[in-house]
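Colleague: Chains as they are written, first to last, in the UniProt record's numbering: chain A, 1 to 272; chain B, 1 to 267; chain C, 1 to 257.
Just so you know, the hints here were simulated from the structure itself, not pulled from any lab data.
Be aware that a few hints might be false.
Under the rule of at most 20 angstroms between Cα atoms (straight-line distance), these lysine to aspartate or glutamate pairs were calculated in the DMTMM-like manner [unchecked claim]: (1) Lys20(B) / Glu269(A); (2) Lys70(C) / Glu174(B); (3) Lys80(C) / Glu174(B); (4) Lys236(C) / Asp250(C); (5) Lys72(C) / Glu174(B); (6) Lys165(C) / Asp27(C); (7) Lys9(A) / Asp131(C); (8) Lys116(B) / Glu213(A); (9) Lys264(B) / Glu208(B); (10) Lys159(B) / Glu213(A); (11) Lys9(A) / Glu137(C); (12) Lys92(C) / Glu166(B); (13) Lys116(B) / Asp261(A); (14) Lys163(C) / Glu174(B); (15) Lys9(A) / Asp122(C); (16) Lys24(C) / Asp144(C); (17) Lys116(B) / Glu269(A); (18) Lys163(C) / Glu128(C); (19) Lys92(C) / Glu198(B); (20) Lys116(B) / Glu174(B); (21) Lys264(B) / Glu248(C).
Given next are the chains, with one letter for each unit.
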Amino acid sequence: MQPVTKPQKNNNGRIPIIPRQTKTRMTIIVLVVVLLYAIAAFFTKAYPNRIITGFPHVIDFVKDDLFPPNWSYYKTVSTRLLETWNMALLSTTLATLFCLPFAFLMASNINTNKYVYSIVRFGMNVLRTIPELILALILVAVVGLGPLSGVGALFLFSLGILAKLLSESIESIDKGPLEAIRASGGNVFQVIRYGAMPQILPHFTSYSLYVLEINVRASVVLGFVGAGGIGQILRQQLNLFRFDNVATIIIMTFIAVTIIDMISTRIRERLV
Amino acid sequence: MNLDKQYNIQRPDRTKYWMKFGFITFILATLYTIAFTTTDLSYSGSSLSAFDMFKRLFFDTFFDPVVHERIPQYIGYMFETLAIAFAGTMIGAILAIPIGFLAAKNMSGHFSSIGKGILNGIRAFPEILFAVIFVASVGMGPYAGVLAIGINSIGMLGKLYSEVIESIDMTVVEALKASGASRLQAMWFGVIPQVIPEFSSYAIYRFEIDVRASTVLGIVGAGGIGAPIILASNQRAWEQVGMMLIIIIVVVTIIDYLSAYIRKKIV
Amino acid sequence: MIEFKNVSLTYPNGHQGLKNVNLKLNDGEFIVVVGLSGAGKSTLIRSINQLVKPTEGELIIDGENTLNFKEKQLRQLRTKIGMIFQNYNLVKRTSVLKNVLSGRLGHTGTIRSLLGLYPQEDVKLALESLDRVGIVEKAYIRADQLSGGQQQRVSIARALTQKPKVILADEPVASLDPPTSHIVMKDLKKINREDNITTLVNLHFIDMAMEYADRIIGMRAGEVVFDGPASSVTEKTFEEIYGRKIKEDDVLGGDEK
Numbered sequence: 001m002q003p004v005t006k007p008q009k010n011n012n013g014r015i016p017i018i019p020r021q022t023k024t025r026m027t028i029i030v031l032v033v034v035l036l037y038a039i040a041a042f043f044t045k046a047y048p049n050r051i052i053t054g055f056p057h058v059i060d061f062v063k064d065d066l067f068p069p070n071w072s073y074y075k076t077v078s079t080r081l082l083e084t085w086n087m088a089l090l091s092t093t094l095a096t097l098f099c100l101p102f103a104f105l106m107a108s109n110i111n112t113n114k115y116v117y118s119i120v121r122f123g124m125n126v127l128r129t130i131p132e133l134i135l136a137l138i139l140v141a142v143v144g145l146g147p148l149s150g151v152g153a154l155f156l157f158s159l160g161i162l163a164k165l166l167s168e169s170i171e172s173i174d175k176g177p178l179e180a181i182r183a184s185g186g187n188v189f190q191v192i193r194y195g196a197m198p199q200i201l202p203h204f205t206s207y208s209l210y211v212l213e214i215n216v217r218a219s220v221v222l223g224f225v226g227a228g229g230i231g232q233i234l235r236q237q238l239n240l241f242r243f244d245n246v247a248t249i250i251i252m253t254f255i256a257v258t259i260i261d262m263i264s265t266r267i268r269e270r271l272v
Numbered sequence: 001m002n003l004d005k006q007y008n009i010q011r012p013d014r015t016k017y018w019m020k021f022g023f024i025t026f027i028l029a030t031l032y033t034i035a036f037t038t039t040d041l042s043y044s045g046s047s048l049s050a051f052d053m054f055k056r057l058f059f060d061t062f063f064d065p066v067v068h069e070r071i072p073q074y075i076g077y078m079f080e081t082l083a084i085a086f087a088g089t090m091i092g093a094i095l096a097i098p099i100g101f102l103a104a105k106n107m108s109g110h111f112s113s114i115g116k117g118i119l120n121g122i123r124a125f126p127e128i129l130f131a132v133i134f135v136a137s138v139g140m141g142p143y144a145g146v147l148a149i150g151i152n153s154i155g156m157l158g159k160l161y162s163e164v165i166e167s168i169d170m171t172v173v174e175a176l177k178a179s180g181a182s183r184l185q186a187m188w189f190g191v192i193p194q195v196i197p198e199f200s201s202y203a204i205y206r207f208e209i210d211v212r213a214s215t216v217l218g219i220v221g222a223g224g225i226g227a228p229i230i231l232a233s234n235q236r237a238w239e240q241v242g243m244m245l246i247i248i249i250v251v252v253t254i255i256d257y258l259s260a261y262i263r264k265k266i267v
Numbered sequence: 001m002i003e004f005k006n007v008s009l010t011y012p013n014g015h016q017g018l019k020n021v022n023l024k025l026n027d028g029e030f031i032v033v034v035g036l037s038g039a040g041k042s043t044l045i046r047s048i049n050q051l052v053k054p055t056e057g058e059l060i061i062d063g064e065n066t067l068n069f070k071e072k073q074l075r076q077l078r079t080k081i082g083m084i085f086q087n088y089n090l091v092k093r094t095s096v097l098k099n100v101l102s103g104r105l106g107h108t109g110t111i112r113s114l115l116g117l118y119p120q121e122d123v124k125l126a127l128e129s130l131d132r133v134g135i136v137e138k139a140y141i142r143a144d145q146l147s148g149g150q151q152q153r154v155s156i157a158r159a160l161t162q163k164p165k166v167i168l169a170d171e172p173v174a175s176l177d178p179p180t181s182h183i184v185m186k187d188l189k190k191i192n193r194e195d196n197i198t199t200l201v202n203l204h205f206i207d208m209a210m211e212y213a214d215r216i217i218g219m220r221a222g223e224v225v226f227d228g229p230a231s232s233v234t235e236k237t238f239e240e241i242y243g244r245k246i247k248e249d250d251v252l253g254g255d256e257k
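Let the hints inform the model, and build the full structure from the sequences given.
Modeller: So, in structure tokens, the structure goes:
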């Protein structure tokens with residue numbers, strides 16, 4: 001609540017439009033943000049003027065090096081894109097299957113055991129903070145080079161996101177049906193199956209598709225550490241300075257991602 | 001109960017349902033068949049078991065003298081990562097404003113589809129590709145990372161901004177125009193105060209995402225903690241990777257909590 | 001003086017909002033426009049400051065046909081006409097004082113106003129206006145923390161800050177409870193008397209119309225079907241304007257006086 005302050009003249013005889021303390025607070029916030037930016041810009045050399053002067057370089061690079069793309073490279077790219085898509089599809093499938101028990105354990109209205117609830121929640125939160133690339137790096141070392149490590153990395157990465165999203169929609173469901181089943185003697189699994197599942201099913205499907213979109217994007221990166229997919233040839237071609245091939249990769253990836261996004265969004269719109 | 005009684009229950013027409021069901025099953029079956037036949041998911045073996053890996057990452061790391069020596073260095077890299085994310089989010093949050101207004105139907109009418117097209121295009125671009133392009137054109141280092149994060153943030157923020165703008169109360173603008181305010185004044189005083197809190201809240205949320213993203217950028221030479229992680233993993237120095245990973249987990253968690261707290265206060 | 005000469009208004013969808021309206025509104029009058037919803041009351045009021053623009057006829061304000069006005073002249077005209085809306089139309093997230101000051105936008109240069117540099121006289125004027133509607137102590141509070149009646153008084157203060165010659169009020173009490181409605185109407189009436197501001201109010205409660213109006217204009221289907229002093233109006237007149245018997249909903253009641 002804001003304190004009630006009567007408009008009064010301040011020292012210089014003027015009536016302020018914004019009361020002094022509000023003004024001070026706003027000024028401090030602005031100063032802190034500007035200061036943080038100044039520090040960030042200093043360490044990254046990304047001063048505002050360089051932001052503007054940087055773009056001509058980008059345009060030159062796109063114009064001179066990326067164009068024209070080497071279209072004959074499309075075959076290699078399509079194979080790798082298919083691999084990328086397969087990794088995303090399989091990892092999403094695994095994540096949707098395995099997220100269910102975690103999601104219910106993370107929902108306070110289903111799991112009433114406080115300790116289990118906190119432990120699962122903490123574990124999933126930690127999982128979400130690990131960048132997918134580092135997961136891939138570790139998995140490559142454990143299961144070897146190739147798409148399997150990519151699938152594993154994306155699975156772990158999306159498990160955390162999916163369980164979190166789903167647990168939130170479980171927590172917001174109408175608890176009437178749950179109580180009705182409990183009242184007629186149903187156990188926890190029956191409550192979940194007949195009370196909760198029908199209510200969360202549309203969200204569940206929608207989130208799964210959303211995670212699929214995220215995984216498609218994420219799987220582009222994984223090849224950089226040898227976990228399969230398009231990233232592998234992207235790194236290779238970059239190291240060879242074959243920018244015409246890089247251009248083909250970029251354009252085809254962009255088109256593939258756009259198409260997958262479009263289809264997925266269309267389906268999600270019809271679900272909820 | 002009278003078992004002979006005829007219940008006249010209308011059976012719903014299920015043909016459409018089964019057709020849909022069959023169609024979806026067919027598509028999924030095809031997709032999975034392709035996935036399993038075209039991708040080689042074999043286990044190619046390695047020298048390290050999962051348990052050993054876990055132990056080296058999260059246990060041995062605390063007893064490794066090299067790690068101890070390098071902790072300040074790692075914190076420095078994490079600091080650079082945060083700097084990339086912050087500068088990038090700032091650029092994105094500011095540049096997203098004009099594009100957000102352009103993409104909002106109630107502000108630019110038919111032109112909104114141009115803005116929406118730009119935003120969709122940016123969002124469909126995985127950020128590593130932006131990073132590749134920026135590193136190749138302006139050289140390696142955090143500066144390229146900032147540009148990549150900044151441009152990539154415009155996509156999501158612009159879309160969210162335009163949704164905020166489309167949901168505001170336009171009657172205020174009408175009231176200001178009725179009192180003789182010019183178009184610009186009516187927008188400035190009628191629209192901006194309504195959108196500022198949501199804009200800042202979304203920008204802070206985007207900062208969370210950008211921190212995660214900038215930990216990865218190092219792999220293409222765009223600065224941050226990503227590069228030393230790759231280097232250490234190439235040398236199989238998993239204790240070092242473990243410590244950097246722990247630093248990332250701790251910092252990202254703190255930032256998530258802070259961001260959630262600030263956003264709750266704003267809206 | 002505001003004069004309607006054969007004014008008609010057809011909306012783009014073909015609906016006729018006003019049909020051949022002829023009216024003379026004298027300076028300082030307190031006029032209440034009554035009619036069923038959809039009768040064209042709102043269109044009549046909004047055509048004066050051209051929030052909707054009449055398609056035919058002449059609308060003469062102070063000797064000039066305002067329908068020919070260009071953008072700039074129209075803005076000049078609007079600065080002299082205060083408007084009050086059913087839903088207050090305040091910027092909910094800013095302070096009451098800033099909302100009231102926004103009434104001065106038409107008088108303030110663009111650059112100056114964008115920087116928020118209102119002259120001190122304007123700030124004083126805004127506070128005086130708030131004082132006149134009795135809520136000056138709320139000046140620094142955010143508008144969305146006030147009750148509906150208080151928000152409507154803020155919007156009256158905003159109109160007053162324009163130093164208007166005319167105040168238009170489009171269903172100003174439709175969202176308020178009976179006691180608050182009377183407070184708002186009394187404020188409007190007081191301002192009308194003290195500053196000699198021509199005031200046009202849309203209402204659909206007949207008892208309120210009779211209590212506050214100097215003159216009542218009745219509308220039905222876009223046409224003016226009654227125009228006369230409030231003293232000459234009876235329930236019978238309303239039945240003629242509405243084209244039906246008076247119902248309970250048409251009466252507000254609730255004034256303790």
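Colleague: If a hint holds in the structure, say so; if it doesn't, say that too.
Modeller: Now for the hints, and whether the structure bears them out:
no., hint, in the structure
1, Lys20(B) / Glu269(A), "holds, 17 angstroms"
2, Lys70(C) / Glu174(B), "holds, 18 angstroms"
3, Lys80(C) / Glu174(B), "holds, 16 angstroms"
4, Lys236(C) / Asp250(C), "holds, 13 angstroms"
5, Lys72(C) / Glu174(B), "holds, 17 angstroms"
6, Lys165(C) / Asp27(C), "holds, 8 angstroms"
7, Lys9(A) / Asp131(C), "holds, 16 angstroms"
8, Lys116(B) / Glu213(A), "holds, 19 angstroms"
9, Lys264(B) / Glu208(B), "holds, 15 angstroms"
10, Lys159(B) / Glu213(A), "holds, 17 angstroms"
11, Lys9(A) / Glu137(C), "holds, 14 angstroms"
12, Lys92(C) / Glu166(B), "holds, 17 angstroms"
13, Lys116(B) / Asp261(A), "holds, 15 angstroms"
14, Lys163(C) / Glu174(B), "holds, 19 angstroms"
15, Lys9(A) / Asp122(C), "holds, 14 angstroms"
16, Lys24(C) / Asp144(C), "violated, 39 angstroms"
17, Lys116(B) / Glu269(A), "holds, 17 angstroms"
18, Lys163(C) / Glu128(C), "holds, 12 angstroms"
19, Lys92(C) / Glu198(B), "holds, 14 angstroms"
20, Lys116(B) / Glu174(B), "violated, 26 angstroms"
21, Lys264(B) / Glu248(C), "violated, 47 angstroms"
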